[in-house]
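S.K.: Each chain, letter by letter, is given below.
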Amino acid sequence: MSRRPPRGEYIETDTGNKVARKATLVGTQNIMLGGKTVIQPEVMIRGDLIRSIQSSSSSSSGGTPNNTAVAIGRYCFLSRASCLRPPGRLYKGAFTYMPLRMGDHVFVGPSSVIQAASIGNHVHIGANVVVGEFAIIKDYVRVLDETIVPPNMVIPSFSIVAGQPARVIGEVPEGGHEAFELRELYKTVGNNPQPALS
Amino acid sequence: MAPLNPYTYIQCPCSDSASLGRPSDATSPTSAEADDEDNTFDPRAPRANFSLYPLEYLLYCEDCHQIRCPRCIAEEIATYFCPSCLFEVPSSNLKSEGNRCTRSCFQCPICIGPLSVTSIETPPSDPNLLAPDRAATQHSTYSLICSYCNWSSTEIGIQFDKPNSIHAQLAKIRNGGASRLTAKERKERRKELSHRGGEAAVAAAAAAAAASETSGGQDMDLETQFANLKLFYNSQLADPNAGDNGFSSLGDLGFSSPSSLSRIMNLYTGGKLHDPRAKSKLGAMREAITADEGLLEPDLDESSLISQLHRSDFLDTASSTQVCSQPPNLGEPHLHGAARFNSSLRPAPYLLRTKRSKRCPVCRHIISKPEAKVQTTRFRIRLVAGSYIPSISIRRLNLPGSNGPGAPAILGDLLEPLKPVHFLLTFKNPIFESLKVTLGAPAKTPGRFPSKVTVLCPQFDIDANTDVWDEALKDNDRESSGRSRRRAGTESQFQVEVGKIWERGRNWVSIVVEVVPASLKLEQGQDLLKEDEDVLEIPMFVRIEWEVENGGDDATTGSGRDKDQKEKRELAYWCVLGLGRIKQG
Ligand SMILES: [Zn+2]
Ligand SMILES: [Zn+2]
Ligand SMILES: [Zn+2]
Ligand SMILES: [Zn+2]
Chain R
12 MSRRPPRGEY IETDTGNKVA RKATLVGTQN IMLGGKTVIQ PEVMIRGDLI
62 RSIQSSSSSS SGGTPNNTAV AIGRYCFLSR ASCLRPPGRL YKGAFTYMPL
112 RMGDHVFVGP SSVIQAASIG NHVHIGANVV VGEFAIIKDY VRVLDETIVP
162 PNMVIPSFSI VAGQPARVIG EVPEGGHEAF ELRELYKTVG NNPQPALS
Chain C
23 MAPLNPYTYI QCPCSDSASL GRPSDATSPT SAEADDEDNT FDPRAPRANF
73 SLYPLEYLLY CEDCHQIRCP RCIAEEIATY FCPSCLFEVP SSNLKSEGNR
123 CTRSCFQCPI CIGPLSVTSI ETPPSDPNLL APDRAATQHS TYSLICSYCN
173 WSSTEIGIQF DKPNSIHAQL AKIRNGGASR LTAKERKERR KELSHRGGEA
223 AVAAAAAAAA ASETSGGQDM DLETQFANLK LFYNSQLADP NAGDNGFSSL
273 GDLGFSSPSS LSRIMNLYTG GKLHDPRAKS KLGAMREAIT ADEGLLEPDL
323 DESSLISQLH RSDFLDTASS TQVCSQPPNL GEPHLHGAAR FNSSLRPAPY
373 LLRTKRSKRC PVCRHIISKP EAKVQTTRFR IRLVAGSYIP SISIRRLNLP
423 GSNGPGAPAI LGDLLEPLKP VHFLLTFKNP IFESLKVTLG APAKTPGRFP
473 SKVTVLCPQF DIDANTDVWD EALKDNDRES SGRSRRRAGT ESQFQVEVGK
523 IWERGRNWVS IVVEVVPASL KLEQGQDLLK EDEDVLEIPM FVRIEWEVEN
573 GGDDATTGSG RDKDQKEKRE LAYWCVLGLG RIKQG
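Residue numbers (my numbering), protein chains in the order written: chain R, 12 to 209; chain C, 23 to 607.
What the hints contain is simulated information worked out from the structure, not anything from laboratory work. Treat the hints loosely; a few may be bogus.
To be verified - Cut-off 25 Å, straight-line C-alpha distance, at most; resulting in silico cross-link-like pairs (SDA-like, lysine to any residue):
# : chain 1 : residue 1 : chain 2 : residue 2
1 : R       : K103      : C       : S162
2 : R       : K103      : C       : K391
3 : R       : K103      : C       : S141
4 : C       : K184      : R       : Y102
5 : C       : K391      : R       : Y102
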């Protein structure tokens, strides 16, 4: 992952986001990035899948409808070929997508697909993981490689989950909280990457 | 073979009963180095498995100045909560409702995926009802559906009238749809019996049971049977006329004596271990003889089950994991002829989870305490070992002279037998005082295949950690100052020198360890390689010394010590460095 990319592979925004030129962001106006987030090549974010049914208050009052499809916090890291896709369901007889929300310091491993309703802060999702529609992952959760989190599953804080379907296999120990920090990892990618701390 | 990432495990002092609770003895650094073979910690010893932990699993007691591990700490439950709806369950509810969520959170009995309530679209079956009674036709039923494997509670014949309070509804339905007595109803039934008065009730029950035995006996479920038995034995215990059976010399040991019975019953019902009232009573009691007293005649005719097995496939039977994840006794008719068909499984309410505080086993001080609220992740107290003792990270070093020219060393590469390899150990100091570190490692690793180990710099100092804010401010020039030494040239330009540290940074120091991996060639008559015997593990004794300001807490206690005086502290422990696998053959 910390391969040195050729110069200019990333677009670096004012808020410190590093978005690979080879990432596919659909419906960028509906994708909110908190800043300092890394989006690696081949990542796909489906910002086009917006709510088709607006909550009654916003549509009647004539205010600008909230079209956020994907909201990402600070220091998130979306690895190569991962995909963020808002979940969808029938609501009062009609199909609609709902926003996908992600907190700070969320790592998404390569080739993982995320369709959660919400992912908290300090979450590590491994490689080839599928997070089903409307799943809720709370803070300080570690999802191991190849896990399939079923739709609607709730994963409480400090869980280590694995398996198909996912089950809680352990607890994040008290001394393991700092390992979720992604500040250092953020520095190791981009157009001027810094070497990882030994 | 799976590649092996280097690791560091630390031994908790609790595995050595002699050192428990006492700060390590003031052995001189030289004696640590000259540790004789007998005292060398063997990471391969079967006992070692129970005392080695990665740093993040260890806590630290500030009063004992000692490492504490998950094995020796004492836990106290702060909060019970459901892992699915995240609602807190008051501990008073636990006694009455058990350790599972009662708020309609269920797991699939087949795959443990979460179940959600879905309405079943039932087309109006009776066309005559359609026009006059619209309300009745709109009435739909609900089932629990697994979002992972698509299992539905209709497969076991369970449907619900309402989408809410599923737990209460499920408690009243048996698999297949038959209704089931709830605990409350059973109690009421029993009340009728007890109204007739203690002794008379027993006699009346016996008479009534004789009549109902054929009908009532066989559909008595486990819970009813247990309740009946409990009631029966309670009445026996209360019976003052229990006669002497001639075994009174055996005292409490008699098989049918009330005291041993009450002891056994207390085991199951969670009462106090010994009933003082029972002590005075001796003598025999009779056993249950009717269904109302809890007697259940076994139905030994299992031919229908056998024929069902003939008709079904392997996948129709429940696995032991599926059976184990079932809540106990729920709706089971009775144990006789209990089969393990999937159709007998039920949705399992989620087991509750807990938030726990942890205490030092020696001084009883709390060393970890989460906030009680379920939704917060903050801790009131969190004394993790990682903020007191240095972390050790391992990296393979590629030196042209030693490891063959050019070949880049990749983590997880197999180690060539008998060829010296160099590893870089980086010690990072988490505390705000400078640390003096002394390392000791046996020259040969323990086990059948001893590898040679040389710690090139066994003694060094690490500078103090600085404030987080200083770190943030200095973030940019740290790169230029701290790292210039290594980054200036390639690693090959450095010479591995005995007694010299490899590199030094703000609060870290890297040193080199030279290892000559053993050859794993088996001689004749030797046993085959055991699991992970090819992993090169070095036991290492780490001793750290630092000074702390006297003052603060000590000053207020009036110990009379000089405030400016610095107090020496030290901590010593074994750790194991897993470096990699040795190439076989
Ligand atoms: Zn311990
Ligand atoms: Zn619940
Ligand atoms: Zn299922
Ligand atoms: Zn203590």
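S.K.: For each hint, tell me whether it holds in the structure or not.
M.R.: Here is what the structure says about each hint:
1. Our distance criterion of 25 Å between C-alpha atoms is met by R:K103 and C:S162, whose separation comes to about 16 Å.
2. Restraint check: the Cα-Cα separation between R:K103 and C:K391 comes to about 44 Å, which exceeds 25 Å; the hinted pair is violated.
3. Annotation: proposed proximity of R:K103 to C:S141 holds, straight-line Cα distance about 13 Å (limit 25 Å).
4. Among the hinted pairs, C:K184 with R:Y102 is consistent with the structure: their alpha-carbon atoms are about 19 Å apart, no more than 25 Å.
5. For the proposed pair C:K391 and R:Y102, the alpha carbon gap of about 42 Å is over 25 Å, so the pair is violated.
The earlier numbered hints that this structure contradicts are 2, 5.
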